[in-house]
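Colleague: Take the sequences, apply the hints, and build the full model.
2 protein chains.
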Amino acid sequence: MTTPGHKELLEMNSAARIDILSCNLPLAYISAIRARCPEIIVHRGLDAARLEKEIRGTIIAALVWGVTPKNLDLLPALTMVQGLGAGVDHLLEPDVVPPSVPIARVSNEFQAIGMAEYVVLHVLRQDRNLEAIYERRQSRQWGQGYLDHAGARTVGVMGLGNIAHRACNALSAVGFEVRGLSQTAREIEGITCFGTGRLDEFLDGCHHLVCLLPLTRATKGILNSRTFNRLANGSFLINAARGSHLVEADLIPALDSGRLGGATLDVLTNEPPRHDHPFWSDPRILLTGHSAIASALRPENIAPLIAENLYLVARGLQPRNLVDRQRGY
Amino acid sequence: MTTPGHKELLEMNSAARIDILSCNLPLAYISAIRARCPEIIVHRGLDAARLEKEIRGTIIAALVWGVTPKNLDLLPALTMVQGLGAGVDHLLEPDVVPPSVPIARVSNEFQAIGMAEYVVLHVLRQDRNLEAIYERRQSRQWGQGYLDHAGARTVGVMGLGNIAHRACNALSAVGFEVRGLSQTAREIEGITCFGTGRLDEFLDGCHHLVCLLPLTRATKGILNSRTFNRLANGSFLINAARGSHLVEADLIPALDSGRLGGATLDVLTNEPPRHDHPFWSDPRILLTGHSAIASALRPENIAPLIAENLYLVARGLQPRNLVDRQRGY
Chain A
1 MTTPGHKELL EMNSAARIDI LSCNLPLAYI SAIRARCPEI IVHRGLDAAR
51 LEKEIRGTII AALVWGVTPK NLDLLPALTM VQGLGAGVDH LLEPDVVPPS
101 VPIARVSNEF QAIGMAEYVV LHVLRQDRNL EAIYERRQSR QWGQGYLDHA
151 GARTVGVMGL GNIAHRACNA LSAVGFEVRG LSQTAREIEG ITCFGTGRLD
201 EFLDGCHHLV CLLPLTRATK GILNSRTFNR LANGSFLINA ARGSHLVEAD
251 LIPALDSGRL GGATLDVLTN EPPRHDHPFW SDPRILLTGH SAIASALRPE
301 NIAPLIAENL YLVARGLQPR NLVDRQRGY
Chain B
1 MTTPGHKELL EMNSAARIDI LSCNLPLAYI SAIRARCPEI IVHRGLDAAR
51 LEKEIRGTII AALVWGVTPK NLDLLPALTM VQGLGAGVDH LLEPDVVPPS
101 VPIARVSNEF QAIGMAEYVV LHVLRQDRNL EAIYERRQSR QWGQGYLDHA
151 GARTVGVMGL GNIAHRACNA LSAVGFEVRG LSQTAREIEG ITCFGTGRLD
201 EFLDGCHHLV CLLPLTRATK GILNSRTFNR LANGSFLINA ARGSHLVEAD
251 LIPALDSGRL GGATLDVLTN EPPRHDHPFW SDPRILLTGH SAIASALRPE
301 NIAPLIAENL YLVARGLQPR NLVDRQRGY
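Chains as they are written, first to last, in our numbering: chain A, 1 to 329; chain B, 1 to 329.
A portion of the hints provided could be inaccurate.
Here are the simulated lysine to any residue pairs, SDA-like style, with alpha carbons at most 25 Å apart [stated by the list, open to error]:
#, chain 1, residue 1, chain 2, residue 2
1, A, Lys220, B, Trp142
2, B, Lys220, A, Trp142
3, B, Lys220, A, Gly143
4, A, Lys220, B, Gly143
For the record, the hints were derived by calculation from the structure and aren't laboratory data.
Modeller: The structure is reproduced here in structure tokens:
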């Protein structure tokens, strides 16, 4: 059976109402979804146990924004849990989503473009030492001579999903040598691809390391001293995946040793970080506040996908962008 | 006749010495050229009239680094003037190079990569408001919500030569809509191309304008109020070509009116600018000190081309990367 398009879904939808549970959705998202799916009846809450009993039976989908909902097993009609971001690791924790309920995530071109922008910006910012330009502006110094390094610079991108793919192509178009790492080795023109079994070979001598991996048991803590020590001296780190990919205690020692020349972190294990988190005050580290694919998360950019999935499950069909629980993303 | 390669040239070169005039070449360049062309005898000077008469007759090539040489017509054996950069407008001024003497410039992949890096870095820096991230770092603020703008952003690149071509492709790979402007309209996949006759159409509504044009009578002052007024409100300017492309007096008014949101200038009419130049202190302007393709100018990156051209002219052959004087680049 082919999945029907949005228009077909609109026509075939016969449900008078689509009851959903909003777990922390900002109002702008609900408005944008309602504009495309006027049948929604929105119930709010993070804990299904706190809903009135008769409401529990009506909810067919839970939409989740950056929180971990509770007691979803109390919703007998639940047919989908929809995360609003690309990462769904919080929904894959044990006992969060009942095993029979499919989990969907958001995957769209806006994310891929936003991440490509972020990755290319910060690779270039660090590679070309943009901070030195700002310092020269302070002292009104013109001219910088040529850059310290010559020849091809290698960027290793961990992850080769939809989001990482565009970042790799963009880096390659600029002129970088690009290596990609994925669970199963892939073939992509212009990118040297490695399976995770060849991690060391992938890392060896990279001038930049960019983490765009999903967070799973296998990838947690993958950014650690041992990993850094295989990179080129003075190399640069970008983590735009999940905070727990990085062993935070290993970062400042790697910068102090000169192995790393700088780090750009969009994510941290605990967000937002405390004011006295040492990463705030280290000039070699730039924290970017989980903004990498921020524009991809604009309500009007994701509402169409959410509305479509609601119509699909309301008709008893499978939602799009399903998460493979076994694989972890 | 096919032009011989470097190896063939080495073998066929029979001259015991190749006398050259160095007009302002830093020592590192002379060393790098000598490493590939040990026959060179280097005479220094900006004014041929000040050379001893018997030396004048020996010089077959003048190598020029960012200055305007004088009295080259006093060198009867001169068969090439080689500029060391991509731009040669200073060599095309009247009475600088005798009409019969060919002018060569440097054109290599390093320039194209360096410029693509520069353009993509600064388009993204301005588009994503990197300064706001630095400000948040000061106040230790996490999170920025989504960006103000959604949907495709258009970058207009003026110039479609070797250097601009890679920048266009890289911007397109990131996710920008890219327009290119060239003297004669071209067809490039993924880029919307305009001939200079359709300048207004090219400019209309661009969110970024990037100038990579050669400096000619037709392009001097092309970055002016009239041009800016066709762009989108709050758009961004990058000039990495020549200072005289910009009517400097028009810039701050365009920023004050909100038509331009910011400007990145790698070049100015007078370089280096005086300490009290108003562009230094305007936070909306970033001066980058003629560094865009700085790494392309590393001696080891251009010496091979120069050595090859010296061997070519020593054998009575035409040098590579000749400038078309009529066209002006």
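Colleague: Would you mind marking each hint as holding or not holding in the structure?
Modeller: The hints, checked one at a time:
no. : hint                 : verdict
1   : Lys220/A to Trp142/B : 23 Å, holds
2   : Lys220/B to Trp142/A : 23 Å, holds
3   : Lys220/B to Gly143/A : 23 Å, holds
4   : Lys220/A to Gly143/B : 23 Å, holds
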